[in-house]
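Chain A is fixed; fit chain B onto it per the hints.
Protein chains in written order, with my numbering: chain A, 1 to 738; chain B, 1 to 355.
Keep in mind that the hints were calculated from the coordinates and are not lab data. Quick caveat: nothing in here was measured; it's all calculated off a predicted structure. Take these hints with a grain of salt, some might be off.
Unchecked claim - No more than 35 Å apart at the CA atoms, straight line, and that leaves these computed lysine-lysine pairs for DSBU-like:
1) B:Lys112 <-> A:Lys6
2) B:Lys35 <-> B:Lys129
3) B:Lys346 <-> B:Lys303
4) A:Lys6 <-> A:Lys42
5) A:Lys615 <-> B:Lys108
6) B:Lys304 <-> B:Lys279
7) A:Lys615 <-> B:Lys250
8) B:Lys35 <-> B:Lys70
9) B:Lys172 <-> B:Lys70
10) B:Lys279 <-> B:Lys35
11) B:Lys304 <-> B:Lys250
12) B:Lys35 <-> B:Lys250
13) B:Lys250 <-> B:Lys279
14) A:Lys482 <-> A:Lys522
15) B:Lys172 <-> B:Lys250
16) B:Lys129 <-> B:Lys250
17) A:Lys6 <-> B:Lys108
18) A:Lys6 <-> A:Lys482
19) B:Lys112 <-> A:Lys615
20) A:Lys6 <-> A:Lys522
21) B:Lys35 <-> B:Lys108
22) B:Lys35 <-> A:Lys615
23) A:Lys6 <-> B:Lys70
24) B:Lys172 <-> B:Lys129
25) B:Lys172 <-> A:Lys615
26) B:Lys304 <-> B:Lys346
27) A:Lys615 <-> B:Lys70
As the list claims (entries may be wrong) - Every beta carbon over 10 Å from chain B, so not counted as near; a handful from chain A, in silico:
28) Ala97
29) Asp154
30) Leu208
31) Trp300
32) Ile412
33) Pro448
34) Pro450
35) Ala525
36) Leu617
37) Leu639
Backbone N, C-alpha and C fix where the C-beta goes; we use that ideal spot for every residue, glycine too.
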Amino acid sequence: MRAATKLALLLGWLGYALLPWYFVEGMSLTEFGWLAGYPLGKAGSALVLALSGQAPWLLPIGVALVAATAVMSSRDTPRVATVLVWAGLAGMVLFFAQGFAIALENQGIPWLAVLLGGSGATQRGMGAGGFLAILSLLLLLCHGLAYRGVCRGDLFTTSSIGIVILLIGLFIFFPVATILRSALVDQAGAFAPSAFVARFFDSSIWGLGCLSANVNCGVAWNTLVLAVLTGVITTLLGLACALLILRTGMPGKRVMRALTVLPIITPPFVIGLALILLFGRAGLVSSLLYEWFDVPRSRWLYGLPGILLAQVLAFAPIAFLVLIGVVQGISPSLEEASQTLGAKRWQTFSTVTWPLLRPGIANAFLLGFVESMADFGNPLVLGGNFEVLSTKIFFAVVGAAYNQGQAAVLAIVLLAFTLGAFWIQQRWLGNKSYTTLTGKGDAGLPTPLPRRVQWLAGLVIVPWVALTFIIYLVILMGGFVKTMGRDHTPTLEHYRTGFAIDFSRGIFFEGAAWNSFFTTLKVAAISAPLTAIIGLLTAYLLTRQNFRGRSSLEFATMLSFAIPGTVLGVAYILAFNVPPIEITGTGLILIIAFVFRNMPVGVRSGIAGLSQIDKSLDEASTTLRARSFTTLWRVVLPLLRPALVAALVYSFVRSMTAVSAVIFLVSAEYNLATAYIVGRVEAGEFGLAIAYSSVLIVVMAIGIGLIQLGVGERKLGRRKVVALSSSVSDPINQGAVS
Amino acid sequence: MTKAGPASVEFRNVSMRYGAVTAVDNVSFSIEAGKLVTLLGPSGCGKTTTLRMIAGLEIASEGQIMIGGKDVTRLSAADRDVSMVFQSYALFPHMSVIENAAYGPTVKGLGKEVARDMAMSKLELVGLKGFENRFPSELSGGQQQRVAVARALVLEPQVLLFDEPLSNLDAKLRRRVREEIRELQQDLNLTVAYVTHDQEEALAVSDRIIVMSNARIAQEGAPRDLYEQPANAFVADFIGDANLIDVTVKSVADGRAEVAIGPVSVPMPARGLGIGPAKVAVRPESLLIGHEADAMALPGTIKKCAYLGNHLDIMVSTAVGELFVIQYGARDMLEPGMPVWLSFAKSGVTLIPPV
Chain A
1 MRAATKLALL LGWLGYALLP WYFVEGMSLT EFGWLAGYPL GKAGSALVLA LSGQAPWLLP
61 IGVALVAATA VMSSRDTPRV ATVLVWAGLA GMVLFFAQGF AIALENQGIP WLAVLLGGSG
121 ATQRGMGAGG FLAILSLLLL LCHGLAYRGV CRGDLFTTSS IGIVILLIGL FIFFPVATIL
181 RSALVDQAGA FAPSAFVARF FDSSIWGLGC LSANVNCGVA WNTLVLAVLT GVITTLLGLA
241 CALLILRTGM PGKRVMRALT VLPIITPPFV IGLALILLFG RAGLVSSLLY EWFDVPRSRW
301 LYGLPGILLA QVLAFAPIAF LVLIGVVQGI SPSLEEASQT LGAKRWQTFS TVTWPLLRPG
361 IANAFLLGFV ESMADFGNPL VLGGNFEVLS TKIFFAVVGA AYNQGQAAVL AIVLLAFTLG
421 AFWIQQRWLG NKSYTTLTGK GDAGLPTPLP RRVQWLAGLV IVPWVALTFI IYLVILMGGF
481 VKTMGRDHTP TLEHYRTGFA IDFSRGIFFE GAAWNSFFTT LKVAAISAPL TAIIGLLTAY
541 LLTRQNFRGR SSLEFATMLS FAIPGTVLGV AYILAFNVPP IEITGTGLIL IIAFVFRNMP
601 VGVRSGIAGL SQIDKSLDEA STTLRARSFT TLWRVVLPLL RPALVAALVY SFVRSMTAVS
661 AVIFLVSAEY NLATAYIVGR VEAGEFGLAI AYSSVLIVVM AIGIGLIQLG VGERKLGRRK
721 VVALSSSVSD PINQGAVS
Chain B
1 MTKAGPASVE FRNVSMRYGA VTAVDNVSFS IEAGKLVTLL GPSGCGKTTT LRMIAGLEIA
61 SEGQIMIGGK DVTRLSAADR DVSMVFQSYA LFPHMSVIEN AAYGPTVKGL GKEVARDMAM
121 SKLELVGLKG FENRFPSELS GGQQQRVAVA RALVLEPQVL LFDEPLSNLD AKLRRRVREE
181 IRELQQDLNL TVAYVTHDQE EALAVSDRII VMSNARIAQE GAPRDLYEQP ANAFVADFIG
241 DANLIDVTVK SVADGRAEVA IGPVSVPMPA RGLGIGPAKV AVRPESLLIG HEADAMALPG
301 TIKKCAYLGN HLDIMVSTAV GELFVIQYGA RDMLEPGMPV WLSFAKSGVT LIPPV
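Just chain A, same shape as in the assembly:
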C-alpha cells in the first residue's frame, strides 16, 4: 500500500473515530459548549455512537475501514486492490444508504432503515466526520482501482476523477433530481403524478388569455417572448457595433471595449434600478417631461418594456463581445477575393460576409435568449404585473403561498427552456467552425461597410451608448443626492447609513451594509479559488486523461451550464434543507452554491487554455518520469495562468453580483450584498441601494486588478504574453447563463 493510500485511510479514521459525525449547530473554535457529552452527545463521533448502540447503523462503515486497514502492510498488490475496491464501494453504498434511509421523523426510507437496524430512529445532517469518512472511502475505492491498473495506475488521476464525479453528483445532480421528485409529489408528500400534470398544464403557465381577453398570459409565454425579444435586440445591437468598430474608421474602440467590461462587474438588477430612477413615475426624466412638456407620469416602465430595456442594456455588450470575435475572424482575403471576381461592395457583403457571420449571430442570439431566461433581478425590480418564470419561482418559495410543488414545476419548465436552447446551441453550432482564422498571416484589408449598413448601424448604436452612459452616471451620482428625481441636494446620508464607521471606541462598523458586505467578500474570496481548482481540474481530466465515462462527465459539466440560478437556488433549498446534508442557513451553502454555479466557467476557461498547450509537453514530462500530479503542477499549471486568472476573476465577480441563486439561500446571519440591495429596493430605499451598488462596482474593479497583479503574467522568455485583456472577458464570451 502506498503512502497516499495510508493517508486516505488515516483521514477516514479521523472522521469516523474522532471528529463529530453530525453537523453541530453553534460550532465555534472559541467556545466549546457544543462539545458537551463528547464523544457521545450531538458532537459525538461515529465510532462511539455506533458502539454505544445509539446509532448502530454506523457500524458497517467502520467495518469497511477496518477491512482496508487489515491489508495496510500487505505487499500483495492485487489482493490489496481487491480489498480496497470492495471496502470503498461497500462503505460508500452503506454510507449513503444510512444517510438517506434514516433522516428526520417521517422522512427517509423506512424499509431500508429497518434493514440497517435503525427502524424509527432519526438522525441529523452529516458533519465534518461524515465528510471525511466519505472522502476517505472514495479515495480508497479510487486507489484500489489505480492499483488494478485503471488510468495506468495513477493514484492522482483516479482520485481526482472520483472526487469530481462525487461533487457533481452531490451538488448538481442530487439537487436537480430533488426538484423532479418534489414536482411529482403533492403538498403532503405523497406520490401524485396527477397533481404534477395539473400543475404543469396550469393556465397560469401556459394560458394564452392575453391574445383574446384582457388578462395576463401564461408565465411561460411571457418568459419566452421576453427572451426572444432580448435575444434579437441584443444581437442586432452587438452586430451593428462590431461592424462599425471593425469596418469603419469610427472612433471609440476603447470606449466600446470598456463598455463590455461593465456588465461583468455590474449586479444585473442595478440597470433596472437606474432605469427606475430615470423613467419611473418619480424618475428624473419623467419629472422633467412632466414639468416642461406636461407629459403625464406613467407606469410604462413596470412590465415588459422596462424589463426588456434593462435586459438589452445589460446583455448587449455580451453579444457585442461574441460578434466582434466573429467579425474579426472573417479573413479579409475572402472578401478581397470576392471583389477581384467583380462583386460590388453590397454583393460582397451579402454573399460572403453575411453567410460567414450567420453562425456567430445565431450564437449571440442564443446567449441573449438564455441570459434573459435566467435573469432574475431585473424582472423582480421592474416586473410589476408582468411575471416571468424566475420571479414566479421565487414567489412560490418565499411568498405567502408557499408551494414547493409549484416552484418545482416552474423550475422544470425554465430548465427545459434553457436546456433546449443550450442543446440547440451545442447541436447546431458546436461542431461548426465559423471563424476562418488559419494561423497564417492574412495581409488583406477588410472591406469597408456598404453605406446603407453604416447608416443603419450608426442610427442604432448611438442612442444605446448614450443611454448606457447616462445609466452609469445615475448609478454613480444616485448615491450622492437625497432622492433622485425629486430632491437633488448633495448628501452623504446614504453612504453614512450603509457604510458609517464609528472610530470613537476603536473601529466599529456601524453602517447597515457592512455585515452583508463582509459576508459577500468572504464568501466570494473563499469560493473563487475553489471554483478555479475544481474547474481547471475537471478541464484537465476531460482534455488530458482517457477514462471510461469521460463523455458522460463532459456532458454533466456542460449540463450544469444550462441550469439557471433560480433553478439551482430552489434545488438547493429543497435538497439541503433536510438530512443527510442539512446546510441551509449556513455560510457553507452559499460557498457551495457559488462554486457549482461558477464551475462551468472554470471548466470552459480551463479547456480553452489547455487546448493551447500542446499535448506533447505533458508527454515529455511523463517520459521524464514525472507523475501526472507533478506534470500538472510544474508544466500545465504555469502555462495555464491566463485561464487561472480568468476563472478566479470571473468566479469572484460573479459571486459578488449573483442574485438569482443566492436569494433563496441567504439568512439573517449570512446575508449577501446583492440580496441586501434587492431588499432595499423593495423597501423603496433607492438611495442606499444605489450607493451600495456603486460601492460593489468599485470594489469589483479593484478586486479584478488585484487578482491580475497577484497571478501575474505567463513568463515565456522575454516575450511577455499579455493575455489578460482578452482572458478576463473571455468567459463572458463563452459563459451561457448568469
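This is chain B only, laid out in the frame that chain A set:
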C-alpha cells in the same frame, strides 16, 4: 548514481487498436542493446504508435513489450526507463534551457544542485554551454532540438526514442544533426529507436531498419540489405527509387533465374522464386542507355529528359511501360523521341514476388 546502461527492446506480437482502427497489427521485432534502429514508413503506417508504445505513452492492446528483458507492457511512461525526443521538441516554454534539461532529475527529487550539474554536463555534450539561461523561444530550431536531446539524455535512459527529430529543420541542417545524433549514440553506447519517413535519413543513421506499411512490418534488416535485397515491391519502391516491371521467370537453375523482361531475357539471382509471373525492381541508375541496336537490350524511346545538376532524370517508354533512368556525370541532354536501347547493370536489378 549507477545506471543500468543500454537495454534491448523486444516486441512480441504487439497490436494496438483504437476502436475499429488497427494502428499496429501483430508486430514482433527486437532491438539489440546499444544499436540504433529506425522505424521507417509512410505516414499512417504505425511507426509513431510503435515508438509511443515503447515509451509507454500508449498501452498496447495485445502482446508483450520487454525492455532489458523485463516485461513493461502495462507500465506507464513514468515507470519506464525510457526518454523521448519529440517531433515538436516539446520544450517547456516557461522554463529556461537549464530548467528544461534539469527537469527529469528535479522531478525525481535529486536536489537542485545535482540536477543542475547533470543538466550542465549534457548541455555541454550537445554544445549548448553558455545558452543555459535562455528560454526556448530565444533559440534557433537546431538549438531547440539539441536542448530536447540533452533533456532526454540527462537521466541516462536505457532506451532513447526519437520521433522524427529532423522534420522541423531545414535541409542543410538535417544532414549535420543526423550525423551528430549518430555520433552521440555510438559514443555513449545508447539503444535508440528512431522514427522517420525519410528513407535517406534512415539509411544514413541506422544499424538496422524496420520498414512498416499498413500497421505491419514490411521488412527489417541492415540498410544495405534493404536497398539491395528488397523483399517486396513496397520496400523496393519506398527505399530509393525503383522501376517495378512485371516479368516472367522462364527457368531456374543453381539459384539463378532466366527472366523475360519484355522481349529480352536477363539472368539474375532467383531468390527462392520459381517459374511463373514475378516482378523485377530495377534501380534507375541500373538501367544503362545505349544508342545502338542490341539484341540483349530493351528498345525504347526518350520521353522526357531533365537536367538536375549532377545527374539527368530521364523517362524512357518501352514495351514494358515507362521506365525512369538516372544518368550521373556530365552527359549530353537526350532529345525526346530519340530511340535508345536499355541494358541492365549487374547490381540493382532484383527479382521480387509478384504481389
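Now the hints, each set against the structure:
1. B:Lys112 <-> A:Lys6: Status holds; Cα separation ~29 Å.
2. B:Lys35 <-> B:Lys129: holds, 28 Å
3. B:Lys346 <-> B:Lys303: holds, 25 Å
4. A:Lys6 <-> A:Lys42: It holds: about 29 Å lies between the C-alpha atoms, which stays within 35 Å.
5. A:Lys615 <-> B:Lys108: holds, 21 Å
6. B:Lys304 <-> B:Lys279: With Cα atoms ~25 Å apart, B:Lys304 and B:Lys279 stay inside 35 Å; holds.
7. A:Lys615 <-> B:Lys250: violated, 57 Å
8. B:Lys35 <-> B:Lys70: holds, 18 Å
9. B:Lys172 <-> B:Lys70: Status violated; Cα separation ~40 Å.
10. B:Lys279 <-> B:Lys35: Roughly 33 Å between the alpha carbons, so the hint for B:Lys279 and B:Lys35 holds.
11. B:Lys304 <-> B:Lys250: holds, 32 Å
12. B:Lys35 <-> B:Lys250: Judged against 35 Å, a Cα distance of about 42 Å means the pair is violated.
13. B:Lys250 <-> B:Lys279: With Cα atoms ~13 Å apart, B:Lys250 and B:Lys279 stay inside 35 Å; holds.
14. A:Lys482 <-> A:Lys522: At roughly 31 Å apart (the allowed maximum being 35 Å), A:Lys522 and A:Lys482 satisfy the hint.
15. B:Lys172 <-> B:Lys250: With a Cα-Cα distance of about 47 Å, the restraint between B:Lys172 and B:Lys250 is violated, given a limit of 35 Å.
16. B:Lys129 <-> B:Lys250: violated, 65 Å
17. A:Lys6 <-> B:Lys108: holds, 22 Å
18. A:Lys6 <-> A:Lys482: violated, 65 Å
19. B:Lys112 <-> A:Lys615: Satisfied, since the Cα-Cα distance of roughly 27 Å is no more than 35 Å.
20. A:Lys6 <-> A:Lys522: holds, 34 Å
21. B:Lys35 <-> B:Lys108: Given that 35 Å is the threshold and the Cα spacing comes to 27 Å, the pair holds.
22. B:Lys35 <-> A:Lys615: OK: B:Lys35 and A:Lys615 at ~29 Å, within 35 Å.
23. A:Lys6 <-> B:Lys70: At roughly 29 Å apart (the allowed maximum being 35 Å), B:Lys70 and A:Lys6 satisfy the hint.
24. B:Lys172 <-> B:Lys129: The hint holds at about 23 Å.
25. B:Lys172 <-> A:Lys615: holds, 29 Å
26. B:Lys304 <-> B:Lys346: Given pair B:Lys304, B:Lys346 holds - Cα atoms ~25 Å apart, limit 35 Å.
27. A:Lys615 <-> B:Lys70: The given pair, whose Cα atoms are some 28 Å apart, holds under the 35 Å limit.
28. Ala97: Nearest chain B Cβ is 35 Å from A:Ala97, so the label holds.
29. Asp154: violated, 7 Å
30. Leu208: Given that every Cβ of chain B is farther than 10 Å from that of A:Leu208, nearest at about 50 Å, it holds.
31. Trp300: The claim holds: A:Trp300 sits with its nearest Cβ about 57 Å from chain B, beyond 10 Å.
32. Ile412: holds, 37 Å
33. Pro448: A:Pro448 is indeed farther than 10 Å from all Cβ atoms of chain B, at 37 Å.
34. Pro450: With a cut-off of 10 Å, A:Pro450 remains clear of chain B, as the shortest Cβ separation is near 43 Å.
35. Ala525: Given a closest Cβ separation of 27 Å, the condition holds.
36. Leu617: At about 5 Å from chain B, A:Leu617 fails to clear the 10 Å cut-off, so the statement is violated.
37. Leu639: violated, 6 Å
In this structure, the earlier hints numbered 7, 9, 12, 15, 16, 18, 29, 36, 37 are contradicted, and the remaining ones agree with it.
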